[in-house]
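J.: Please model the entire structure based on the sequences and the hints provided.
With our numbering applied, the sequence shown corresponds to residues 4 to 96, in that order.
Take these hints with a grain of salt, some might be off.
To be verified - Below 20 angstroms or equal to it, Euclidean Cα-Cα: the simulated EDC-like pairs (lysine to aspartate or glutamate) are:
#, residue 1, residue 2
1, LYS35, GLU13
2, LYS83, GLU13
3, LYS5, GLU33
Derived from the structure by calculation, the hints contain no laboratory data. What you are looking at is a predicted structure, and each value in this text was computed from that prediction instead of being measured.
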Amino acid sequence: MKYVKVATIEAVVYDKPTVPYFSELPKWLEEKVNDGHIYFDKNDELKIVTLEGIENIKLGYYIVKDTRGNIYGCDPGIFKEMYTDYSVDNKNS
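T.: Spelled out as C-alpha coordinates, the structure:
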(Lines of atoms letter the chains of each structure in order from A and count residues from 1; the text may use other names and numbers.)
(Lines give C-alpha, C1' and ligand atoms only; values in the text may rest on other atoms or scores of the structure.)
Protein backbone atom coordinates (compact mmCIF):
# COMPACT_ATOMS: atom_id res chain seq x y z
CA MET A 1 0.00 0.00 0.00
CA LYS A 2 0.99 3.59 -0.54
CA TYR A 3 0.24 6.47 1.80
CA VAL A 4 0.34 10.24 1.49
CA LYS A 5 1.44 12.32 4.44
CA VAL A 6 -1.12 15.07 4.98
CA ALA A 7 0.01 17.58 7.55
CA THR A 8 0.42 21.32 7.75
CA ILE A 9 3.68 22.20 9.45
CA GLU A 10 5.53 25.41 10.21
CA ALA A 11 9.15 25.87 9.18
CA VAL A 12 11.95 28.41 8.91
CA VAL A 13 15.33 28.21 7.20
CA TYR A 14 18.61 28.43 9.10
CA ASP A 15 20.12 30.50 6.32
CA LYS A 16 22.68 32.86 7.85
CA PRO A 17 25.81 32.13 9.89
CA THR A 18 25.31 35.44 11.75
CA VAL A 19 22.39 37.26 13.38
CA PRO A 20 19.48 37.03 12.53
CA TYR A 21 20.34 33.37 11.58
CA PHE A 22 16.84 32.39 10.42
CA SER A 23 14.61 33.34 7.49
CA GLU A 24 12.10 34.58 10.09
CA LEU A 25 11.59 34.30 13.84
CA PRO A 26 8.09 33.09 14.73
CA LYS A 27 7.06 32.92 18.37
CA TRP A 28 7.45 29.10 18.57
CA LEU A 29 11.07 29.35 17.43
CA GLU A 30 11.85 32.21 19.78
CA GLU A 31 10.37 30.20 22.68
CA LYS A 32 12.53 27.16 21.81
CA VAL A 33 15.65 29.34 21.68
CA ASN A 34 14.77 30.98 25.01
CA ASP A 35 14.10 27.65 26.76
CA GLY A 36 17.35 26.10 25.48
CA HIS A 37 15.89 23.56 23.04
CA ILE A 38 17.63 25.37 20.17
CA TYR A 39 21.12 26.67 20.87
CA PHE A 40 24.63 27.22 19.57
CA ASP A 41 27.34 25.07 21.13
CA LYS A 42 30.88 26.21 22.01
CA ASN A 43 31.91 25.69 18.35
CA ASP A 44 29.05 27.94 17.14
CA GLU A 45 27.19 24.95 15.66
CA LEU A 46 23.39 25.08 15.81
CA LYS A 47 21.79 22.28 17.86
CA ILE A 48 18.20 21.22 18.48
CA VAL A 49 17.12 19.04 21.38
CA THR A 50 14.66 16.53 19.85
CA LEU A 51 12.85 13.44 21.09
CA GLU A 52 15.71 11.34 19.67
CA GLY A 53 18.51 13.43 21.18
CA ILE A 54 20.58 16.41 20.10
CA GLU A 55 20.48 17.11 16.37
CA ASN A 56 23.15 19.09 14.48
CA ILE A 57 21.62 21.64 12.10
CA LYS A 58 23.58 22.64 9.01
CA LEU A 59 23.35 26.00 7.29
CA GLY A 60 20.46 25.87 4.80
CA TYR A 61 18.46 23.28 6.77
CA TYR A 62 14.83 23.87 7.62
CA ILE A 63 13.73 23.93 11.25
CA VAL A 64 10.33 22.28 11.33
CA LYS A 65 7.55 22.39 13.92
CA ASP A 66 5.22 19.46 13.28
CA THR A 67 1.54 19.07 14.15
CA ARG A 68 2.42 17.78 17.64
CA GLY A 69 4.73 20.70 18.39
CA ASN A 70 7.93 18.68 17.95
CA ILE A 71 10.88 20.60 16.53
CA TYR A 72 13.51 19.04 14.27
CA GLY A 73 15.86 19.84 11.41
CA CYS A 74 15.26 18.83 7.81
CA ASP A 75 17.64 18.71 4.84
CA PRO A 76 16.45 21.24 2.23
CA GLY A 77 16.27 18.61 -0.54
CA ILE A 78 14.09 16.32 1.54
CA PHE A 79 11.97 19.25 2.70
CA LYS A 80 11.25 20.34 -0.87
CA GLU A 81 10.32 16.76 -1.85
CA MET A 82 7.87 16.40 1.06
CA TYR A 83 6.26 19.82 1.41
CA THR A 84 4.77 22.56 -0.74
CA ASP A 85 4.11 26.17 0.23
CA TYR A 86 0.72 26.24 2.00
CA SER A 87 0.07 29.88 1.06
CA VAL A 88 0.51 29.08 -2.66
CA ASP A 89 -1.61 25.90 -2.53
CA ASN A 90 -4.44 27.61 -0.61
CA LYS A 91 -4.76 30.99 -2.34
CA ASN A 92 -8.46 30.49 -3.01
CA SER A 93 -9.32 28.98 0.37
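J.: Now tell me if each hint is right for this structure.
T.: Now for the hints, and whether the structure bears them out:
no. : hint          : result
1   : LYS35 / GLU13 : holds (14 angstroms)
2   : LYS83 / GLU13 : holds (13 angstroms)
3   : LYS5 / GLU33  : violated (37 angstroms)
Of the hints listed earlier, the one the structure fails to meet is number 3.
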